[in-house]
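Number of protein chains: 2
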Amino acid sequence: MSAKDKFHEVVKTALIKDNWLITHDPYPLQAGTFDLSIDLGAEKIIAAEREGLQIAVEIKSFMSPSNISSFYGALGQFIAYRRALKVQDSKRILYLAVSTDIYERFFITSFIQELVTENNVLLLIYNIDNEVIQKWLPLMNTDNI
Amino acid sequence: MSAKDKFHEVVKTALIKDNWLITHDPYPLQAGTFDLSIDLGAEKIIAAEREGLQIAVEIKSFMSPSNISSFYGALGQFIAYRRALKVQDSKRILYLAVSTDIYERFFITSFIQELVTENNVLLLIYNIDNEVIQKWLPLMNTDNI
Chain P
49 MSAKDKFHEV VKTALIKDNW LITHDPYPLQ AGTFDLSIDL GAEKIIAAER EGLQIAVEIK
109 SFMSPSNISS FYGALGQFIA YRRALKVQDS KRILYLAVST DIYERFFITS FIQELVTENN
169 VLLLIYNIDN EVIQKWLPLM NTDNI
Chain X
49 MSAKDKFHEV VKTALIKDNW LITHDPYPLQ AGTFDLSIDL GAEKIIAAER EGLQIAVEIK
109 SFMSPSNISS FYGALGQFIA YRRALKVQDS KRILYLAVST DIYERFFITS FIQELVTENN
169 VLLLIYNIDN EVIQKWLPLM NTDNI
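Sequence order for the protein chains is P and X.
All letters in the first sequence, in the order written, are residues 49 to 193 by the working numbering.
All letters in the second sequence, in the order written, are residues 49 to 193 by the working numbering.
Looking at chain P on its own, in the form it has when it is part of the complex:
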């Protein structure tokens, strides 16, 4: 299993443990003439549901030697997917899933924090070792769903 596939499976397991139902893997996303879900270079997204709340999750492994370059791709993909979702499935909320390791080493730097805030990127932070969701940012009050 590639590292990319491993992260994908970990996020899926973490969502299931958190009582989410995986509804699509991969989630089929169209935008005009583009079939975003079969794109070669990008990472696949999964869709999940919990008591009426629907989410799509972009999973980024940050396996390339440059975290900032991986981030450029993740940010651009997030913005494009969010726009496509707005047309296709407007109630579904998009999250970017990153591991605690990458979050603590990279996402907490002020420049990345500013970009995340400015572009309204929602984060799902997961623990690879325990295969659990560590945090939703901004906080998701899952007790009320």
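Think of the hints as simulated: they come from the structure by calculation, not from any bench.
Quick caveat: nothing in here was measured; it's all calculated off a predicted structure.
Errors might be hidden in some of the hints.
Repeated chains share a single entry, so a pair holds when one copy, or any two copies, can fit it.
The list that follows gives simulated cross-link-like pairs (lysine to aspartate or glutamate, EDC-like), each with its CA atoms no further than 16 Å apart [what the hints assert, rightly or not]: (1) 60 to 177; (2) 60 to 83; (3) 54 to 177; (4) 134 to 53; (5) 65 to 87; (6) 134 to 166; (7) 134 to 162; (8) 52 to 179; (9) 60 to 73; (10) 54 to 162.
Could you slot chain X onto chain P? The hints should help.
This is chain X only, laid out in the frame that chain P set:
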């Protein structure tokens, strides 16, 4: 010379032919702890000046098999560079340089047009064969500079 370097040189030549003075190649761009100009994965940016107007140009070759993945990276990089410029050199205007070929085959599709507009991406479209600037989008009235 790699394809990436070739595009870089073509854009530089096209700017010079259009009476721009190349002031930095690559342009040194810092953002907090990140030195964006020496990043491994990203393409280098150049800076130019013409009668008081200062620009920075991100040159994207779109050489990967997936145009949409290249676009994700270009869009994320553009947004990050624009933010870094705002702090370091707030009068400098950032452009994304793409060839006429990529522009006509890819950028004119409605989905990409929407993303370009929504994210205020400024485009410099250049002709590879003639090594000239074809168009600035939105139009730049260079006669008035």
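Against the structure, the hints:
{"no.": "1", "hint": "60 to 177", "verdict": "within (14 Å within a copy, 48 Å between copies)"}
{"no.": "2", "hint": "60 to 83", "verdict": "neither (22 Å within a copy, 35 Å between copies)"}
{"no.": "3", "hint": "54 to 177", "verdict": "within (12 Å within a copy, 44 Å between copies)"}
{"no.": "4", "hint": "134 to 53", "verdict": "neither (27 Å within a copy, 37 Å between copies)"}
{"no.": "5", "hint": "65 to 87", "verdict": "neither (29 Å within a copy, 38 Å between copies)"}
{"no.": "6", "hint": "134 to 166", "verdict": "between (19 Å within a copy, 13 Å between copies)"}
{"no.": "7", "hint": "134 to 162", "verdict": "between (24 Å within a copy, 12 Å between copies)"}
{"no.": "8", "hint": "52 to 179", "verdict": "within (15 Å within a copy, 40 Å between copies)"}
{"no.": "9", "hint": "60 to 73", "verdict": "within (9 Å within a copy, 44 Å between copies)"}
{"no.": "10", "hint": "54 to 162", "verdict": "neither (29 Å within a copy, 34 Å between copies)"}
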